[in-house]
Structure formats: structure tokens, C-alpha cells
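Given the coordinates of chain P, work out where chain V should sit on it, guided by the hints.
The listed protein sequences correspond, in order, to chains P and V.
Basically the working numbering = 1-based index in the first sequence + 1092.
Basically the working numbering = 1-based index in the second sequence + 1092.
Careful, some of the hints might be misleading.
Calculated from the model, a selection of chain V residues having no Cβ within reach of chain P, i.e. all distances over 10 Å [said to hold, decoys possible]:
no.: 1; residue: Lys1114
no.: 2; residue: Asp1210
no.: 3; residue: Asn1266
no.: 4; residue: Glu1270
no.: 5; residue: Gln1325
no.: 6; residue: Lys1390
no.: 7; residue: Tyr1552
no.: 8; residue: Asp1554
no.: 9; residue: Glu1622
no.: 10; residue: Asn1727
Each pair of labels, with its calculated beta carbon distance range [to be verified]:
no.: 11; chain 1: P; residue 1: Glu1671; chain 2: V; residue 2: Thr1699; range: 28 to 36 Å
no.: 12; chain 1: V; residue 1: Glu1448; chain 2: P; residue 2: Glu1671; range: 51 to 59 Å
no.: 13; chain 1: V; residue 1: Leu1279; chain 2: P; residue 2: Ile1128; range: 42 to 50 Å
Simulated from the structure, these hints should not be mistaken for laboratory data.
We treat Cβ as the ideally placed atom computed from N, Cα and C, and that holds for glycine.
There are 2 protein chains.
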Amino acid sequence: MGNMKTKVTDPSWKRYKELVRKEMIPYQWAVLNDNIDIKIEKERDDASIPSEKSHAIENFKIAAGLSKGEHYGWVFQDSDVYKWLEAVAYSLEDTWDEDLKTLADGVVDLIGKAQQPDGYINTYFTIKEPAKRYKRLVESHELYCAGHLLEALIAYNNATGNTKSMDIAYKLANHMDETFGPEEGKLHCADGHEEVEIGLMKLYHVTGEARYAKLADYFLKVRGDSPKVYEEQRKTDDGKGILGGGISPKPIKYNQTHLPVDMQDTAEGHAVRLVYMCTAMADVAATLKDEKLAAACKRIWRNIVDKRMYITGGIGSTVQGEAFTLDYDLPNDTMYCETCASIGLIFFAKQMLNIERNGEYADVMERALYNTALSGMALDGKHFFYVNPLEVVPNKGKLDPTKSHVKSVRPEWLGCACCPPNLARLITSIDDYIYSEVEDNILVNLFIKSEFTGDKVTIYQDSDYPKSGLVTFKVTNKEEKTARIGIRIPGWCDNYTGKFDGEDAGITNEKGYWYVNVPTGEHEVVFAMEIKPKRWYSNINVSEDTRKVAVSRGPQVYCVEEADNGRNLHCLSLNSDSEITTEWKGELLNGVNVLEAEGTRLLAIDTKAGLYTDKPNVTKVPAKIRFIPYHTWGNRGENEMRVWLFED
Amino acid sequence: MGNMKTKVTDPSWKRYKELVRKEMIPYQWAVLNDNIDIKIEKERDDASIPSEKSHAIENFKIAAGLSKGEHYGWVFQDSDVYKWLEAVAYSLEDTWDEDLKTLADGVVDLIGKAQQPDGYINTYFTIKEPAKRYKRLVESHELYCAGHLLEALIAYNNATGNTKSMDIAYKLANHMDETFGPEEGKLHCADGHEEVEIGLMKLYHVTGEARYAKLADYFLKVRGDSPKVYEEQRKTDDGKGILGGGISPKPIKYNQTHLPVDMQDTAEGHAVRLVYMCTAMADVAATLKDEKLAAACKRIWRNIVDKRMYITGGIGSTVQGEAFTLDYDLPNDTMYCETCASIGLIFFAKQMLNIERNGEYADVMERALYNTALSGMALDGKHFFYVNPLEVVPNKGKLDPTKSHVKSVRPEWLGCACCPPNLARLITSIDDYIYSEVEDNILVNLFIKSEFTGDKVTIYQDSDYPKSGLVTFKVTNKEEKTARIGIRIPGWCDNYTGKFDGEDAGITNEKGYWYVNVPTGEHEVVFAMEIKPKRWYSNINVSEDTRKVAVSRGPQVYCVEEADNGRNLHCLSLNSDSEITTEWKGELLNGVNVLEAEGTRLLAIDTKAGLYTDKPNVTKVPAKIRFIPYHTWGNRGENEMRVWLFED
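Bound-form chain P, shown alone (with noise of 0.2 Å):
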């Protein structure tokens, strides 16, 4: 890619922006401190790790010979400092804070301290278990907790210039050369959750060094290589017992390292894992032109996309294992759909229109974030959600214990705080998913208020999406060559005209994509979609969905809750024939386009008949059914929520 920049200017969104600068990064500071009294709830009933502090911090300084005391926490417990700090660069890059930067200048310091002669750094290993370094792959997170820091670090550095955040950097990345790779010596192994290989593929971009590009490929490559490494590695210490802080092990599936991945058709396993390996994949399949590694991630993204994702772009059908379970299986109450697992599809996704410029890659994008990631923050910005149902009873979460991980209202914090510094590095880096520069096509993917700066051309994209499809983009070629621009026609959008300099201009769909050839100079490219609410069905092999509704508008799903519509939401019922109309609250839940419609809801004959009766004690009587977009959903207080609706 070249040199292009993008400032993110719709208003919106930089209200989260300045949510995440003034509510989650100073809170996030305050919990990895432990500074803060906060109710740190289990992420359900049979979470074994102790979360009553973060301590994360702390552990640093413990390894950095600063303070005395044990490690605390999960083993990959780092990574919320390197998440913390990633958000940090992207905030600093688009609203400058002298104290924030010295702050974080602090932190780069106290890691660079923590980080052994070697290169090696993990808090976790270097204070508690420094023998099993490297010995627990398939457990430790060292690995993937180094990615984190690369991402971090390259982040830091492009915000600040900070020099020493890419000397830890490097003298880490080359730490991880010497000590993996083909070569007789090295170890031959992956880590069990794929993230190092996106940190290199980033370090590998800011630097072209092809070492690093190289180390990513290998630690793709040799995943699933042997599915006994893991097994044989644990024989090389006293093979006792889990980690302080690990993961109990797994079957195979939910580390990806039952087949090779390029050989591997089906998302399988964690989901978080399965979509950062594939973001890894996508992205060296792309830069090491790899036609073998470029047609696993499209059968895995088919697989996705077509048999295993919620309507809310949300994945991982299963609490155990926090991953996917088969084809069409979709349960609407019992499901994962972990917040970072979205973020995780998202960042494959825009990995994948590096391979293909395919519209599809941005609406699954655009329908992850508008949906299951925005979905994992209270409009406070203050609560977070890792778990995201499209269907709750609030007491089935509190009295059924195979439910406990379905929270009704986002707690403060969770003890394992993966999702949250996962949704500020997205909220705050959003500009970099706009557009994409591929094959000399500038590709609009997000329709989002912002400024563009290319070497070549320059976009001032206004819309206030999706409120409303209307969008103008001002486009300067600063070349004589003609600039090609791709505008993405939503997937979900029937109806759409285009003008340019003011005239009609017939729209060509090529895979999702509008291309309109810019001239040399400024010209003013207008993108008018038809918003509407819609309505959608599954496949017939969902079973949970049969019979039922879903209502979008835009690329927004929305959902009933028991606040506009009383409670036993599966009493309502929408009419097949009754228009939905749409009207701006501004207002409610920091401003919604509410939904409402006819339908009806069923009610009790006999309110007092037992448990089984032999005629239905049913009536139906008509109801007006309000809709409110998913991610706003429980921020008014515990309630029942639920997506698909049945239709009669």
C-alpha cells in the first residue's frame, strides 16, 4: 500500500473515538493499575481464573525488577498493556495529548525493562515458570502476547516517532527468528493462538525486512504440521498439570492444528484463534503471492459466510471452547459470539480485499462492526459486553448455568479483559478501514465522514450513514493519469443512483464495487442508497430461525426489546404484510432511527392453566412492534432482547 492517510471526520464516530480517549483508555489505565474500584465479573459460571484485579501493570514491573512479588492473572495477562497501548497510538494519532504520550512513553519504557537480554518478554514465564519458556506452546500465549506488543510498538512508533518502542521491537522479532523456523536447532512450532503472525506481517510492512514476512509464513505453515507437537513439547518438562493461568487443554480443532492450514476447508475451533490465523493468511497469502494459502482463506470465508455466521456478523456458535460447532448450527441464546471474534473478522475481512476485490469482504466487515463490535460497548462507553445473544431472558443467564456466560446488561469489566482494549485499538484505528488501495483502485468500503490523502489522490467523503445512503465524495487526482475509484454497493442495497459532476451516471455493479474513472483534478462523486427497513430470512437449515424474522435497516440489524414491547418477546409476532416504518428518535440511545411495525402477541386464555393443556390457551391480539438497532440493545436496564422475531 502507499502512503495514504485517512481522518475519520464524521461526528459519530468520533464520539466513540473520544469515548475510548476520555472513558476507556484512562479507565482501562486505571484497571491495568488497579487503581479503580470496579466489579470485575466472571465471564461465566465455570471461569476457573481468579479476576478480582488486573495487576497487569504490576506484573511488568515485578518482571522489570522494579517491584517484588508474583505474577497475577491469566498467562497471557500482558496483552491488555500491548491492547492499552495500541489504542493509545491510534487516539494520539488523531487527537494529540502531551500527558497521555508520556504516559505511554512510561509504559514503552517499563516493557523495554521487562524484556530479557535475549529479546524474549513475558511477564508470565520471566517471574513464575521462566523453565517452561517456550515449553507450553499450545497454552502459554507467549507468542501471541509478542504479536500484541509488535502491533503495539509499529503502532506507537507511527503515532510518536518513539524510537525505543521499535528497538524492543525488533530486538524481539529477531529473538522469535532465532528461535523458531525450519531450521535443525530451532523449535518447530506455532503458538496455539495465532496473533504473532499479524505483528510480523505488520513489522514486515513498515520495515520490508522479508524476514519477518518469512517467520509469519513459517509459523502458518508449520500449524497442523504435526498435531502431536504440543503433545511431545509437554514431555519436555515435568509435563505436570496446566499452567497457572493457562487454558485446559482442548481438542485439537480449537487450536486450528488438526490439518495444515492450507489444507483446512471449514472455520473450526476458537473462533478468535480460526479468524486471526486466517487475517494472518490472507494477508502473507497477498504479499508472498501464495495462490495455495489465498484459496484456503476463500473456502474458510465461504464457510463462514455461508453456513456459520449470525445475521449480526457474529461467530462462534459455542460457549465451550468459545468456538464454532457445524454448518447451520446457529442457536440464538446459547452462542459465543465474542465480541474480539468480530473485531477478529473484521480485520480478516479487509485482509481479504487485498486478495479480491469482492464487495462482500466489506459487508461482512461493515456488518461486524455495526453490529456484534459496536454491540460489545454501552453507549457510556464505560461497559462492556464480550458475549453477544441475539435472544435473552435475563434470568436464563442467572438460573440455567449453561447460559451464565449470557450477560443482560455489560458489566464493568470482565475478568479476562481481552475484548474491551480489543474494541478501542478498533474504534480508534476505523479510519484504516475506509479504504483500501489495491491493484491501483482506490476501493470505498466504509461509508464514513472522512478525509482521504493518497499519493495521488485525495477524497473528502460527507455522509452522516447510515442515518441516511446519501454520500458525496469530492475526489482530487493529483495525477494526469485517470484515478479509479471502487464505491462498495452494499450487498443489502436494492436501489442506488450515482452522479458525477452533477450528471447521472449509469452504475455498473462489478463484484460489489462501482468503479467511476476520475480525471485529472477535482470532480464530486454522489452515492445514493436506498435505506429502508428490510426483511430477512435464514437458510432453511437454521433451525432456531424457521418461521422467523429478521429487520435490518441499512447495514444495521435491529432487535425488539422488552423496554418498547413488554416482556415474553416470543409471544410477538411481525405480519408478513405490514410496512415498517422508520423514525428518528434523537434522543433515545444517543439518537436511533426506530423501527415499528404490526404484528401481533400472544397471550394466555387462562392465566392460571398449568404447564400442558390439551387445547391452545392462546389468543392472539394485534401489537404495534418497535425495533431498535442491535448494538443499542441493553443499555436501558436488564431486559429481554431477541433478534429473530416469528411472522405470520
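Relative to the frame of chain P, chain V by itself:
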């Protein structure tokens, strides 16, 4: 109860008894001795206990000093032997078998040798953790096993006259009475798993010794008295870990220790424990005329029957803790519905009839018996379900770990072997459930061809129920006083007629019974129930069953199977006005009445469509839907099954 005796003569129940005698008892004996090469399946993915063999008899030999080695299996492994012995006892009572008697005498001898001088008996603690005797009662199952032993020994003595069995029983019961009780110096605690209370009450009923009833009452009353008792207990040993083959810590509701038992209103925690507790409570309440306990039994009963019981008589809505969850929470595909829990519900119902003559108790007994209990066993008598789902898609059980407990064919044996022996003892003693003597009434609770011999009355019941609803009773009243026979009028039955000595008799339904006054001498009573297919609807609060119907015929709930209806059973819908026809198929599934009705099937219009479409991609075609009795499902290989169908 007087000196009553019942003998089942019904061919189909005799077939079940023969299966137990010829298949289950020898098979289980081989398992208990590890003399058989079987595939022992884990109950579910997260079952942590090794289950490669039973080792149960060997544990006794080691504890008795007859063999060397280590204890293997669950802490409650002994109870497998006791339940086997109890089934043997009932079987011998039915059909004498000298060889089996000799074998069982040997087992009694072995148990006697493993009993400690003070009366204590438990192979796990004797062999492995003598220092922890009675120090981990929350998980130890010491008294649970003792309860099963008492039941077995009493039954065995009753069937064979073996006196050694009663010696062991007295020694054990007296030991417990000396160890536990309100007096200072005794232990003030009950077992984490109720059962000893049932055994002690049986000992009371056969001996009339008040101390045993008093001890049962004490074990009930001390329960929940101090919710911290188990915590305190743990402090008296090293307090570390759980026992080998123990149960990981659970919330206190799991053990019904959250409240004193007579203050409990709802069915909470582990379902088997709850119904075992209630069985003993109802027995103690009736025996000791404890109104407060009786009232608690009634409250818990109402909660189960009105809000927490599946239409199949299954209980336990969640696999985690095999437990009750909340009112109206009855998921059809993730539930537990353990065979043992329905057996326990039958025990509870039987005891409730001694508190109150109300046909509802027998209705539920029949529902649980003909559906979930019988479903626990394959038609071959050699394969068993623990978990009795109402909706199964085989691959979901295999690939979604949250459904790994849901099997689609009955395994040969399971690591935790509680259900098959429990079923064996129920089937062999089914005679005892047909009639009750309550307050000078002889109640006919179940319609099973049988001979009843009481002190004053004999009854020959003749019927092929549930194939037809015609039941003829030849009643002989040997006394001068009129005898009162209460014939149950099933709650599901809308039309019925009665005859007395050939004359039409008006039937008054008194709380579910038709009371017939029978003068001295021999008389004939005919009770004719209309048995026809019926539709059932769930309470509106059961979200899983909204818009759905279940079909029954007589006491049998029906289901649809893939073998008869093809795949994707969620696409089937029963027409609301279609006639349901009945056809006897003698060759199918050992002979069943098959039901058929017109319905529709959803088919995809575009079979290559993706996951979500903005128009419904389904068309409805007429479909003949075939139903089979629920308890016969899963006998024709792996296939989909469903009880609740959509109705249009």
C-alpha cells in the same frame, strides 16, 4: 401397608422383566466384574472421571482384604453393586433362579466382609482415604451408598430369606444412628446426595423400629439447617482438593441445602437429589404425620408439575449440575432429563399417594414411567440413555460441546453407571407401583395386567393397556365389610365408562379416582377409557414450545423420527385440523400404535441460497407425518427426533 402382594402378568411388562433378568442382570454383572469388552462412553465431553472399566466388585474384594490393589472409579462406585443386588432381589421374587441366588448370596457375603467392624461400609474410603471418613459429606456419597445398600439388603432378604443381608443392614444402620444425630458428640450433617433417608424408611417399614424413621427424619431436618456445614467440615481435614472420583464444588442449591427442607418451595438443584429427598420427605411426612413436611412436599410437587417438568415426565433443564433451572425454562435440545431423575419422580409420586389420594400423583408416575423411564432403555435391553432429549440432531451432539451429553443412540454403558441399574430395579419391582393401600382404600394407580393379593381383597386386573383402554377387574372381597377400590381416572382421558357386575355404573371422579364399593364375594368391575390421539400445548411461558404441538395417545407421548419422516424435522408442521389416525404395527419396534396425520414440510426454493435472504426461500408442501411412541425412539440407528412440532 398391610400384607399386600402384586404379581405382574402383562406380557409386555413380563418381556421387560425378562430382558432385565436375561440381559441386564448378567450384562451388568459382567460389567461390575470387568469381564466384558464393552465401549464405555463418557456422559459428556467435560466428564473428568476415568471410565474405562467398572472395577466395582474388585473394589469390594480389596476393601475386604481378599485382593490387592487400588480403588477405581467414582466415590459412589459401590452403589452400582447395590442397585444390581436390589434388581436381582426383585427378579428372584418374580422368577426363581437358583444360580442367580447363589451368585447374589456371594455378593452379600463379600459386602459383609468389606463392612468394617463398627458397621461402616464404603470401599473408596476404606481403601483410599480412611482419614477422610465422613469429612467430605458434600461429595463423599458415603450415606448415599449406605441408603442403596439398605434398600438392596431389605429387598434381598424379602425375596430370598437371606439373613446375613439383614445382619449387615442392622449393623450399618445402627452405626449410622450412633454416628449422626442431634445429640452432642454426634455428627450434625446429612449426605450431599439424599438416598440414605429412603433406605432408613424402608428399614423402619420392615422392622417397625422407630429409631430408623427418627434417623431418616433427622437427616432431612438437618439439611439446610446450617448452609456452612460442609465448609466447616472441610476444615477438619487438610481441606485440599476434591476426592478422587468426587464431584467438584457446586452452589449450595445443588444439594438442596440452601434452606431447611420444610421451608423449601421450589424444585432446586440436582434433579435426582431433589426427588430422592422428596421421596423420603413424603414417606416421613405420611409415617410420622408431619404436616409441615407434607406441605413442603406438596409445594415442591406443584412447582415441578406446574412449571418444571417436560411433557415426557423428564426433569432437569440443564446439564450443568444435572439440575432444575427456573420456572417454565424447558429447552428441548440442551436439557438433561436424566433417566434416574424420572425414576426418582416415580418414587416421589408413589409416596405422595400415601399423603393424599389424588390421581395427579399417579398421572405423573405414569407419565414418567411410560415415557422418560422406558426411554432410558433400548428395546434390546442392552443399551441405555442417561439423557432423554425432546429434540435431537445427531451432529449437534457430536460437534457442539454444549450438547455433548445428548446422544442420539443409546450407548452400551456409561462411565457413571447410575441409570441402567436404577432402571433394572424399577422394572423388576414395577408390581409395587400398580396398587396402593391408603386409608382402607385400595387404589389402582397403573393399568397393568396383574394379580393383587391383599389381606382382605384380591384383584385380577386384565388389560392390554395402553394398546387399548379396556380394563377388567375381578375383585374378591374376603371380608363381610364392603371393600373400597379406587380406580384411577387418568387426567388425559376425556371419556370413560364403568360397569359393575355387567351393569352400567355411573362414575364420579373424586380427585382422579373412581371409587367402587365392592361387597363380599367375587365381582367384576369394568373400566373403559377412550384412548385416542390427543394434541397438547405448552403454557405460554415456555418459550421453546411457542406455536408448537405435542401428540400423545393414552399415557404415551409421541415423537417424530427421521427414520419415518426424513431429515430436517424442524421443517415439519402439523395441520391444526388434521385427523390423527392410529394403526397397530405389530412388527415395528416390538409392536406399537403408529399415529399419522396430515401436515406440511418446508422446502427450500433455491437450494443453493446462502445463509440470509431478503425474501423467504421456502415453500410448503403437504406431508404425511408419522409419529411413534417417544420411549421407542433411537432404536433404528442414529437419526433426528422431535417431540414438539409446529402446528399450522
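These are the hints, each one checked on the structure:
The Cβ of Lys1114/V sits about 37 Å from the closest Cβ of chain P, beyond the 10 Å cut-off, so the non-interface label holds. No beta-carbon of chain P is positioned within 10 Å of the beta-carbon of Asp1210/V; the least distance is around 38 Å. Every C-beta of chain P lies more than 10 Å from that of Asn1266/V, the closest at about 40 Å, which supports listing it as non-interface. Look at Glu1270/V: its CB is around 39 Å from the nearest CB on chain P, clear of 10 Å, so calling it non-interface holds up.
The non-interface label for Gln1325/V is consistent with chain P: the shortest C-beta to C-beta separation is roughly 23 Å, beyond 10 Å. Even its closest Cβ contact with chain P, about 15 Å, leaves Lys1390/V beyond 10 Å, as expected for a residue assigned away from the interface. Against the 10 Å criterion, Tyr1552/V stays outside the reach of chain P, whose nearest CB is about 32 Å from its own CB. No Cβ of chain P comes within 10 Å of the Cβ of Asp1554/V; the nearest lies about 28 Å off, and the non-interface call holds.
Glu1622/V, annotated as away from the interface, keeps every beta carbon of chain P farther than 10 Å; the closest lies near 13 Å. Non-interface call for Asn1727/V relative to chain P: holds, since the shortest CB-CB distance, roughly 23 Å, exceeds 10 Å. Look at Glu1671/P against Thr1699/V: about 31 Å separates their beta carbons, and that is inside 28 to 36 Å. Against the hinted window of 51 to 59 Å, the Cβ-Cβ separation of Glu1448/V and Glu1671/P comes to about 56 Å, which satisfies the hint.
The hinted window of 42 to 50 Å between Leu1279/V and Ile1128/P holds, with their beta carbons roughly 46 Å apart.
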